[in-house]
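Student: What follows is the residue order along each chain.
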Amino acid sequence: MTALRLGLLDAGRVRQRYAGTTHIVRLHVALPPLDSPNWQSPLRAFAWGLRSVTTTVLALVLFATYLGIGALAHDSHFSLGWVLGSTILVWAGPAQIILISTLGSGATVVQAAIAVAVSAIRLFPMVVSVLPLLRTPETRRRHLVLAAHFIAVTLWVECYRLLPQVPRERRIVFTHGLGCGLLTVCLFATTIGYGLAANLPQLFAAGILMLTPLAFLLSTARNSRQLSDVLALVLGLALYPLASRLHTGVDILISGIVAGTIAYGAHWWRERA
Amino acid sequence: MSDWLSNFLGDPQALLVLVIAGFLPNEVWRMLGLWFGGGVDEGSEVLIWVRAVATAILAGVIAQILVQPPGALASVPDWLRYGAVAAGFAAFMLTRRSIFAGVVCGEVALVAGKWWLG
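Protein chains in written order, with numbering that gives the first Met the number 0: chain V, 0 to 272; chain R, 0 to 117.
For reference, chain V alone in the conformation it holds in the complex (with noise of 0.2 Å):
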C-alpha cells in the first residue's frame, strides 16, 4: 500500500513537472464516459486505444521524427527492414538516431551499445512514473510487460492524458491500443522516410534530414522545466563539438556525461545555496 501511495505521489510530481507538455494538445477526446458500457469489451478498449492516435498532435511530431530517421538510416546505408526493425525493437527515437549515426559513423558495436545504454536510462523513471496508472491489485507483471515496451516519451506523456478518462481494468488494453497505433504511425514514416530519401532530389532529401536534429532540439527544449536540463540541453550542444576532436568513438558519451554532470552540478549547487 505504501508503495501504491509513493507511486502516486510520484506520478503527480511527474505530472507537475511535464504539465506544459501535454497542452500542446487541444485537440479534442471523445472517450466514452468510464461507466459506459463500451468499456466492456477488451477489444473495443484496444480500438479506443487505437483511435486515441489521431487525437494526438504528438503523432505528428512523432511521424516527422521518424520520417527523418527511415531517411537518416537510408543515407547511413541500413537496409530498410534493419530500419524497421529497429523501430519495432527499439522504439526510442533517440536511441534509433544515437545507433545510426554511432554505428554509421564507424563505431564498434561496443561503443555503439554503451552509448545507447546512457542515453536510454530515462526509460526507467518513465516506466516507473507509469506503472501505478496501469496496475490493478490483480496484474501481474508479465501482464505489463508488453506496455512497458510502448513507453517511450510520447506515449507516456499521453498515459497522463487519456488513462484517467479509461477505467483502471481496461487501461493496459487501451495502451496496447495506443502503442500499436503510434507505432503503425511511425513505421509508415520510417518507410517513406527511407524511400523519400532514395528518390528525391538533394534539395528535399536535405530538408527531410533536417527534420531529426529540429524535432528533437524543440521537444527537448520544451521538455526542459528544470535549470539542469536547459543547461544540460545547452552545454550538451556546446560540448560535442570540442568532444568530437578526441576521436574516440564515443565522443557523445563524454560529451554528455560531461555536460550532464555540470548541469547536475549547478542544479546541486543552487538547492544547497
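Don't take every hint at face value.
Unchecked claim - Partner residues are not named here, just some residues of chain V that face chain R (Cβ under 8 Å, in silico):
(1) Gly84
(2) Leu88
(3) Ala94
(4) Ile97
(5) Leu102
(6) Gly103
(7) Ser118
(8) Ile120
(9) Leu122
(10) Val127
(11) His148
(12) Pro240
(13) Leu252
(14) Ile256
(15) Ala258
(16) Gly259
Calculated from the structure, these hints are not laboratory results. The beta-carbon is built from N, C-alpha and C at its ideal position, and this holds for glycine as well.
Got chain V sorted already, so can you dock chain R onto it with the hints?
Tutor: Chain R alone, transformed into the frame defined by chain V:
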C-alpha cells in the same frame, strides 16, 4: 522474391548488431523499471543526474548531425544549417513553444536557402 527479401533485410550480421547494440541496451531499462520500479523515488537526486546526462547525450546527437551531417544534408553549407536551426528555435520561442511552428520555420529556411544557392 528472395532477391527482394535479401535486399529488404540486408546484411544478417547488421540485424544481429541491431539486437545487441540497439534492442538489448535500450530495453533493459524498461524491464528494470518494471521489476524494481516500486522502490525508486522519481524525484531522487540520482534520477535528476541521469536525466541531465541523457538530455546532454541527446544534445550531443543533435550537434553531431548538424556539425558532421550525413548524406544529402552535407551538401548544405554549414552557415545555412546553423541558420536554419536558429530560425526554427526563434519561431519556437516566438510562438510560445510550438514545436510545429519551429520545425516548419527551420525547414522553410533550409530548403529556401539551399534552393536560392542553387
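Student: Each hint needs a verdict: does it hold in this structure or not?
Tutor: We went through each hint and held it up to the structure:
{"no.": "1", "hint": "Gly84", "result": "6 Å, holds"}
{"no.": "2", "hint": "Leu88", "result": "4 Å, holds"}
{"no.": "3", "hint": "Ala94", "result": "5 Å, holds"}
{"no.": "4", "hint": "Ile97", "result": "5 Å, holds"}
{"no.": "5", "hint": "Leu102", "result": "7 Å, holds"}
{"no.": "6", "hint": "Gly103", "result": "7 Å, holds"}
{"no.": "7", "hint": "Ser118", "result": "5 Å, holds"}
{"no.": "8", "hint": "Ile120", "result": "5 Å, holds"}
{"no.": "9", "hint": "Leu122", "result": "4 Å, holds"}
{"no.": "10", "hint": "Val127", "result": "4 Å, holds"}
{"no.": "11", "hint": "His148", "result": "6 Å, holds"}
{"no.": "12", "hint": "Pro240", "result": "5 Å, holds"}
{"no.": "13", "hint": "Leu252", "result": "7 Å, holds"}
{"no.": "14", "hint": "Ile256", "result": "6 Å, holds"}
{"no.": "15", "hint": "Ala258", "result": "4 Å, holds"}
{"no.": "16", "hint": "Gly259", "result": "3 Å, holds"}
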